[in-house]
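These protein sequence lines are chains A and B, in that order. 482 is the number of the first residue of the first sequence in the working numbering; add one for each residue after it. 24 is the number of the first residue of the second sequence in the working numbering; add one for each residue after it.
Hint data in this document are derived by calculation from the structure and do not stem from the laboratory. These figures come from a predicted structure and were not determined experimentally.
Calculated lysine-lysine pairs in the DSSO-like style (CA-CA distance at most 27 angstroms, straight line):
(1) B/Lys87 with B/Lys149
(2) B/Lys206 with B/Lys110
(3) B/Lys163 with B/Lys206
(4) A/Lys853 with B/Lys110
(5) A/Lys749 with A/Lys583
(6) B/Lys279 with A/Lys843
(7) B/Lys110 with A/Lys843
(8) A/Lys811 with A/Lys749
(9) A/Lys843 with B/Lys103
(10) B/Lys122 with B/Lys103
(11) B/Lys279 with B/Lys149
(12) B/Lys225 with B/Lys149
(13) B/Lys110 with B/Lys163
(14) B/Lys122 with A/Lys843
(15) A/Lys583 with B/Lys326
(16) B/Lys87 with B/Lys110
(17) A/Lys507 with A/Lys488
(18) B/Lys279 with B/Lys225
Part of the chain B face toward chain A, derived, beta carbon under 10 angstroms:
(19) Cys176
(20) Ser190
(21) Val292
Here are a few chain A residues that sit away from chain B, every Cβ distance over 12 angstroms (derived from the structure):
(22) Phe500
(23) Leu510
(24) Leu529
(25) Gly787
Cβ atoms here follow ideal geometry from the backbone N, Cα and C, with glycine treated the same way.
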Amino acid sequence: MAEYAEKRAVVQSWVRERFFLGLTIKEYLRGLLKPFNIVAGIIILIGLPFVVMRFTQGLGAVTHASQDQPWGLFLTWGLFTGVPLAATGFIIASAVYIFGLKDYRPLVRPAVLTGLIGYLFAVIFLLFDLGRPWRLPYPMTISFGTTSVLFLVGWHVALYLSTQFVEFCPAIFEWIGSARFRRWALRVTIGATIFGVILSTLHQSALGALFLLAPGKLHPLWYSEFIPLFFFVSSIFAGLSMVIAESTLSRRALRGRMDPHRAASFDKLTIGLGRAASLVLLTYFCLKWVGVAHGNHWNLLNTSWGHWFLVEIFVFVLLPCFYFAYGVQKRNVDLIRFTAFFTILGVAINRFNVSIIALNWKLPHREFFHWKELILVITIITVEILMYRWIVNRMPVHREHPDYGGAE
Amino acid sequence: MGISRRKFLKAAAAAGGAGLVGKSKLAHGVEHLTGYPDRFGVLTDLTRCVGCRSCEVACNQVNKLPPPEVPFEDQSVFEKTRRTTEKAYTVVNRYPNPKPGGSPIYVKHQCRHCDEPACASACLVKAFTKTPEGAVTYNKGICVGCRYCMTACPFYVPAYEYDDPFSPEIKKCTMCYDTRISKGDIPACVEACPMEVMTFGKRVDLIRLARKRIMEHPDRYVDHIYGEHEVGGTSWLYISGVPFEQLGFPMDLGTKPYPELTRGFLSMVPAVLVIWPALLGGFYMFTQHREQMDEEEEEILEKKEN
Numbered sequence: 482m483a484e485y486a487e488k489r490a491v492v493q494s495w496v497r498e499r500f501f502l503g504l505t506i507k508e509y510l511r512g513l514l515k516p517f518n519i520v521a522g523i524i525i526l527i528g529l530p531f532v533v534m535r536f537t538q539g540l541g542a543v544t545h546a547s548q549d550q551p552w553g554l555f556l557t558w559g560l561f562t563g564v565p566l567a568a569t570g571f572i573i574a575s576a577v578y579i580f581g582l583k584d585y586r587p588l589v590r591p592a593v594l595t596g597l598i599g600y601l602f603a604v605i606f607l608l609f610d611l612g613r614p615w616r617l618p619y620p621m622t623i624s625f626g627t628t629s630v631l632f633l634v635g636w637h638v639a640l641y642l643s644t645q646f647v648e649f650c651p652a653i654f655e656w657i658g659s660a661r662f663r664r665w666a667l668r669v670t671i672g673a674t675i676f677g678v679i680l681s682t683l684h685q686s687a688l689g690a691l692f693l694l695a696p697g698k699l700h701p702l703w704y705s706e707f708i709p710l711f712f713f714v715s716s717i718f719a720g721l722s723m724v725i726a727e728s729t730l731s732r733r734a735l736r737g738r739m740d741p742h743r744a745a746s747f748d749k750l751t752i753g754l755g756r757a758a759s760l761v762l763l764t765y766f767c768l769k770w771v772g773v774a775h776g777n778h779w780n781l782l783n784t785s786w787g788h789w790f791l792v793e794i795f796v797f798v799l800l801p802c803f804y805f806a807y808g809v810q811k812r813n814v815d816l817i818r819f820t821a822f823f824t825i826l827g828v829a830i831n832r833f834n835v836s837i838i839a840l841n842w843k844l845p846h847r848e849f850f851h852w853k854e855l856i857l858v859i860t861i862i863t864v865e866i867l868m869y870r871w872i873v874n875r876m877p878v879h880r881e882h883p884d885y886g887g888a889e
Numbered sequence: 024m025g026i027s028r029r030k031f032l033k034a035a036a037a038a039g040g041a042g043l044v045g046k047s048k049l050a051h052g053v054e055h056l057t058g059y060p061d062r063f064g065v066l067t068d069l070t071r072c073v074g075c076r077s078c079e080v081a082c083n084q085v086n087k088l089p090p091p092e093v094p095f096e097d098q099s100v101f102e103k104t105r106r107t108t109e110k111a112y113t114v115v116n117r118y119p120n121p122k123p124g125g126s127p128i129y130v131k132h133q134c135r136h137c138d139e140p141a142c143a144s145a146c147l148v149k150a151f152t153k154t155p156e157g158a159v160t161y162n163k164g165i166c167v168g169c170r171y172c173m174t175a176c177p178f179y180v181p182a183y184e185y186d187d188p189f190s191p192e193i194k195k196c197t198m199c200y201d202t203r204i205s206k207g208d209i210p211a212c213v214e215a216c217p218m219e220v221m222t223f224g225k226r227v228d229l230i231r232l233a234r235k236r237i238m239e240h241p242d243r244y245v246d247h248i249y250g251e252h253e254v255g256g257t258s259w260l261y262i263s264g265v266p267f268e269q270l271g272f273p274m275d276l277g278t279k280p281y282p283e284l285t286r287g288f289l290s291m292v293p294a295v296l297v298i299w300p301a302l303l304g305g306f307y308m309f310t311q312h313r314e315q316m317d318e319e320e321e322e323i324l325e326k327k328e329n
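Take these sequences, add in the hints, and give me the full structure.
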């Protein structure tokens, strides 16, 4: 009997440590009543009826998706913007494990987690957008559209989601407390990283390649044979900026759960990331001009579409490029952090331009998205943030697990 | 829904390796499609159409579509340019005649049944098929509802049932493949037309017929068979008395079949799959080697100090 009680106590404390931050359930629930959680809760409560509406009345009830404009905010935000912003994992993992930039090791786990959750939610957004979401596995099991770029995207997102899960497994096993499984998971790190880079190269560019089939529909300033390259290169600075943004927010939100020396090292790493982002932005800026020259679209620059195009590449590409460079030069970490958020906005603007704004530009009547769609997107993002926080608060992401410090 | 192991492995290879198989399949498909020698088509002579919309009525009936919001006899529909929807697979639009005193021109719009359809190459589950008879058909049993076909179609044809939460389908003209052609009949709209605007037949014959009409009446027709070369050729062909750009026909589509637009990208995929592991593995080994050398150097230094 005593043995049983002892076992029970062990299990209870295990659960408490793993799931309730070491608090009793009562303490934990009381602790949840913080402004952040309350706001998040309200957003989700507002969003839920629209989720129900989407799945009981169809896409037409919550979106402006029309016969002319089949894709709306779910894909534009969730897939076309979400996936490049989730490029964090492959960039940092390849920098650390393949190129040997060991200083960046503290960023690997946050970056992989950001990527993992980003891809997971890209799939969730996809489930909202697909007419028959329960058929999501069809391209993998029932019928194979091998001539489709989307087929490639589908497979790669699925494979990469799994790869990132494997990459994140060491953190999960440390959390559960399984040293043996952790060792196994660590053994495949290099393989998983290389596989991840291959998949990322292909599907980041494939997202752009989807639009190769819309030459008459996408405005010529955005349509280019180089669009796969544009998407790939911009995913690199998107990912770099997300790593900076994530570490900035985490530092604020999770001060208690971050190693102090790690928090201090972030400044140095941020400068390094800013330098890289500046260089890639410059490359991208030049590439965009190669695109204009290749298509010989100089005459379109002095139209209203052309002006918008110029805003995109001067204000949201070249300007952050300079800000990053200036911030690195002056070692102004705050400027680099600000620029990271600004760059993320720029990436979003580019993806919105390609998949909503400059698509079907010739049609006379166009509506971009419905307010209900926006509410749903905000709701899903809120769940995404809560999930990220839940994991970071429990698993060794921004801190080293005391039992496994430094060994990786 | 049975799926053999072989089929699964093939697809896994195609996707893990996506494109390797994809590319060869595509290349094969393209050759094959241009080779359907007896494919049918419809020649639409816009000089004959009077805008009675009998074709729309016939289409509505044969496809058992819901009654239109505005009755078929109501001429007010011509005030707006319409497009095909999930409830109307074909629509007739009116355009002003640029010739002084000429009567308005009516244009029937529906799926063009491309020889190498963009929708079919875009579909990630191969829900579209270019049949040997020429029709491009849709398999609702496997469609996932991603609507990439709608983004890909240069003619804005496929329409989706957005208001159906449980079994939404892509809806478009089937050239009456199941209902009539497979039974030896001609499409309902062709049969219903009182003005003989449309001629159903083998595509090669239709092109000959179109040429003949243009040659015999050069004053009545512009010298252009729309669909002969556009997007690599379509089964639905048009001849007209006024230039097509004045009748809402897209003129910037080129003559390249749409599947070729993504072929270059897809053929890059196997190269990346082969080259990247070698390249990245090489970088990894290089990094390892450098670290090893650094360590050795440190050891030597330590020894010297000692």
